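Undergrad: Make a model of the complete structure from these sequences and hints.
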Amino acid sequence: MEVREIFLSGPPMKRYLKSINLRELLRPLGQMLLFSVGSTVILSAIVLVLALILDKTVVGQTLFERLNVSLFTYTLVNLPQVAIDGLTIGFVYAAIALGYTMVYGVLEFINFAHSEIFAVGAFVGVEILIALEKYGALSGASLFMAYAYLVLAIIAGMLAAGGLAVAVERVAYRPLRHASRLVPLISAIGVSFLLQDMIRLTESLTTGQFNRIFPTFGNFDHRIILGRMTMGATNITLGVSIKSIIVIVSAVLMLMGLNYMVNATKIGKAIRAVAQDHPTASLMGIDVNRIISLTFLVGGMLGGAAGVLYALKFTRIDPFVGFFPGLKAFTAAVLGGIGNMTGALLGGIVLGMLETYAGSFMGVFTMGAAGTEYKDIFAFSILILVLIFRPQGLMGANVAQKA
Amino acid sequence: MTKRLLVVLSLLLTAGMAIGSQVSAADKVIKIATQSPLSGDQSAVGVDIKRGAELALEQLGGPLTKMGFKLELAPFDDQANPDTGVANAKRIVSDPAILAVVGHFNSGVQIPSSEVYHTSGLVNVSPANTNPKVTTRGYLEVDRIVGRDDVQGVVGADFAAAHKVKSVFVVHDKTAYGQGIAEFFKQRAQEKGMKVLGFEGTEEKANFDSLLSPILAGNPDLVYFGGMYPQASVLFKQARERGYLGMFLSDDGYDSADAVKIGGQSLLEGTGTFYSTVSGPAAVYPGTKKFIEDFKAKFNAAPQPFAAQGYDSMGISLKAIEDAAKANHNKIPTREAVAKAVRALNDYHGITGNFTFNGIGDPTIAKYFVMKVNSADPAKWNDNPVVQTLDIAPPK
Amino acid sequence: MTPAFFHTIAKRLEQGMVPYILILAHMALGTALVYTSPRSNLAFLVLITSFFSLYSLNADRRFKFVAGAVLTLLIFPVVGVRNIFYLEVIFQISVFSALALGLNIVVGFAGLLDLGYVAFYAVGAYLWAFFGSQQYYILHFAPGTQPSHLPFLLPGDTFYLFIFVAIFIAALTGILLGTPVLRLRGDYLAIVTLGFGEVIRVLANNLDKPLNFTNGPQGITPIQRPTMPQFAVDAFNELFSKIVGHTVSPADMYNVMFYLFALAIIIIIVFVTRRLDDSKIGRAWTAIREDETAAIAMGVPLVKMKLAAFAVGASFAGAMGVLLAGSRTFISPESFSFMQSIGVLSMVILGGSGSIPGVILGAAVVTILNLQVLQGLSLYLSQLRQTDAVIPIIHFAWANLSTQLDPAKYQRLLFGLILILMMIFRPAGLIPSQRRKRELASDKAETEE
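Residue numbers (this note's numbering), protein chains in the order written: chain A, 44 to 446; chain B, 17 to 412; chain C, 15 to 463.
Short, incomplete list of chain C residues facing chain B, as computed with Cβ under 10 Å:
| hint | residue |
| --- | --- |
| 1 | Pro52 |
| 2 | Thr235 |
| 3 | Ser263 |
| 4 | Asn269 |
| 5 | Pro347 |
Listed next, the in silico DSSO-like pairs over lysine-lysine satisfying Cα-Cα at most 30 Å (straight line):
| hint | chain 1 | residue 1 | chain 2 | residue 2 |
| --- | --- | --- | --- | --- |
| 6 | A | Lys177 | B | Lys396 |
| 7 | B | Lys44 | C | Lys256 |
| 8 | B | Lys211 | A | Lys99 |
Hint data in this document are derived by calculation from the structure and do not stem from the laboratory. Bear in mind that the values here come from a model prediction, so they are computed numbers and not experimental data. C-beta: ideal position from N, C-alpha, C; glycine also.
TA: Below is the structure:
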């Protein structure tokens, strides 16, 4: 105990922590900016070069006949909007991916049920808003109150999802901690099925609904127009909706908070210690079980918040809503290097960008032979490619697997 | 250890079976099975097909009950999976009390399962399978009450042509249902001289951003969606948010009050939102309104698309069994007689149409209504006005 | 009832003629029950469990072999033709056993987590679906718009050839996928295989344009079957029509035929798997599973051995895919979803990863649970709801039970619960593999010391 106190909270440490605070707070912001701008620039360059090459071929001609505009102009005009869209979904993926990555960092275990934790968060948030709507609070709410209600829903979603994640860990994973690697994974798949149908059962016993709809209130659907461009006969507007901004800002805040917690607080240090070595950490006086619970709590809360934000952005949720975003976020976590928080951030942004770019331009570039429907394949193919050349993921450390 | 475990296991299983296996052996029992996905992510529609059928059994079973039969519903869950569907089908045909099957949401399940019904002579009235192959195999036992893909796609395109639409962008949900309709819509639209700016399928349920870029770049007069409302409405809403002001058109998978709950006011903006459906207004089919009210009263939820078709499929099965039983001196008829009785029905008045079947089991004339979404209030969904009525016979 | 009491009974069961009598009695009872009440699930279960008393009781190998052959080659087909639902259940158990055995090589022996195993199944199925149907002639038609009355590309009897072609192609696919990704660590491999499974399904769903290879979500139908020799139908009728109670149609005989094919493939798989398990390759797989680093140090060619596991596992799935396409005469992408992969995986884990009898048991339990028990329960429940039955003590009328509480609607819930409970209380599976058993025993010895 004494050793720990000297290590973690002695006066020199305190001063050191104070000096590091601001840097730790701002570092992820810089990273996010770098990743966003970097992937936008790289992907845009690739797409533009492709457009230039294809412009002279039959692809360019076909487009010209159809829309009376050259392929290069078409690409250039659409590019900014595609980048914004890609960034928005990228931050959603990043927020979910953090939950996978935190648990993996500490337990070396893929929490398959995270996508359902996400779904539960979404359901709790939306149910609260629907209740408020029934109560009459939403219609005609002032802008301030609208945001207050949204924050309330997000917090409720976070608490429910966090609590659930802790409970799941306690019941379904902790007894299996020393079993072989496959065992907790199968248990997690079981939890995932169980939770999907629990949501469905609860919903059908109470409301009788399968689809739940995020109520319309506030100014979230409003779209801020950033610019207008003329392309052939049509006008293309460049804009971003308020809800997209909310999604991005909340995701950024969560990521900053998480980064700060893990890298600049005592608890964070304990988490990192447990991630490195359970027995040694417990010898240092850290309650490993508590830290693992805490990891699940934080990961679950992030997932829950992401769930409510997802519902805000995409309006409709159902008990199986978690599956696809979960899968994508999981892919993002692996792409970035699972177990690495910065990696999850990078992976999420890159994946979101990639699939939006691919989905938006593939149809035109292949003359309709392969369109949006291949965007998921595209994401997975890139994942496989990246892993071939960097088996530890984009930012993962090259460490041997723990036995 | 192993052995003891095995013993325990078999005991447990047998105990489970003991419950499941008792079948009432009364000889006057007639059962009608339903097969639809009751679990998994397609259960919303699947459950309501079953509920529609359940309601019909309750309301329309009177004549048979009076003849002294006891009617029972035997609901099966095909899990939207062909393997489960076929296994259930074999279980169904091995129960002699079952005289008809209402069923299947997915054509991918209906086609292999109906091979089983066909070999056993059991009639299958389909409430939702639009794939032409369902009936073109020419089985006596397979009938359907929905329009085929090549009927409803044509309805949509004809409506668009009547409204002077010059350019369309076609989207579908990559299911047999949605893609089938969309293919025929596209074909017909091109015949009618419309410019098809794009034809895209997507399994995406939430984020349509990457699909919207090409749509907005082409700025078509009409966006057609082949598929179900949970996707369609989200797409429409996002398109409006991005500033698209043209017309939206979808199919009978869009006919649910939830569609407007998702889309809200945005569906009414611009040139508006339309959908083709067989569930007509109260003036044409007085049963429809009552059905929706009864359904809400019994199940505490508004019916999903195809619930009404589930109701009608059951109604047709019951009527056919009644006819066949009467012909058989009020005794339980053979399965073959029931199958023939379905084909022999003349102008059965249901809530989604008046049905007479042709030689391969398609309704001779499909009456389609194109409706306009008229209010952002889900409670007023049933007051949506008819914009156009089209009668189309299926291709031979 | 002390454990000692059970112990004595268990011992008694192993002595002298007792096991033989028990096995025969169980088989006879099952057959008799199924014969007298052909629609009772209970009777069918008694019959099918006799297979496991055959496996678990101590008897002469030759006797077991003969009894097993009688059960699978004679009793099951005849009973199955009487009630085709039973044959379907047995057929699906066989198909899923074969798949689970294939996956068992990858997961159970080599310890590589494969979450996209049905991709190889899909490869086999679509291979025969393309060549055994009219699909070749509608390459240039959009799905659903093709003319009717097209010829078939190949005669139905090339089905047999395609079982071997599929084994080859699926193994090749396994190697092509495996070569780049098998260097990855376990969890990365899991996501890559999951992605691969999705890629194959999405391809099957989307390769209807620019050229229509798979007919997209509409699926390919009709797919041909090998010709059924008339003399086989006649012979079966001659021998068994009295027991069956009706003359057997060729359609029924097809069911029997595909069941026998599946059985033959299982026997081959079991044979190959056992030989592999006892060979140098098998030991190399075990070494890789237990500790990769140590395995490399011992000179095990890591990538080569992993590829071998992948290829062997994939080839079995490919063969079963052809069989599925032939037996169903219809194939669509819906059969190859992620859920299907997870289903096969849970059969392996539930039964006992690495254990051949365990995996077969796992496949049987999951299939029976899915097709018979849960469906049966909810049918029973819906029947109760339609009667005037009342729960005695609490006077609760079944009719008032909410329609939401329907076991069939919540199969995934029960399935998930079973998976969790199994992992907590019996992580090595229902019948742990011999190796695992020895390991557990030695672990126990260590802790007791």
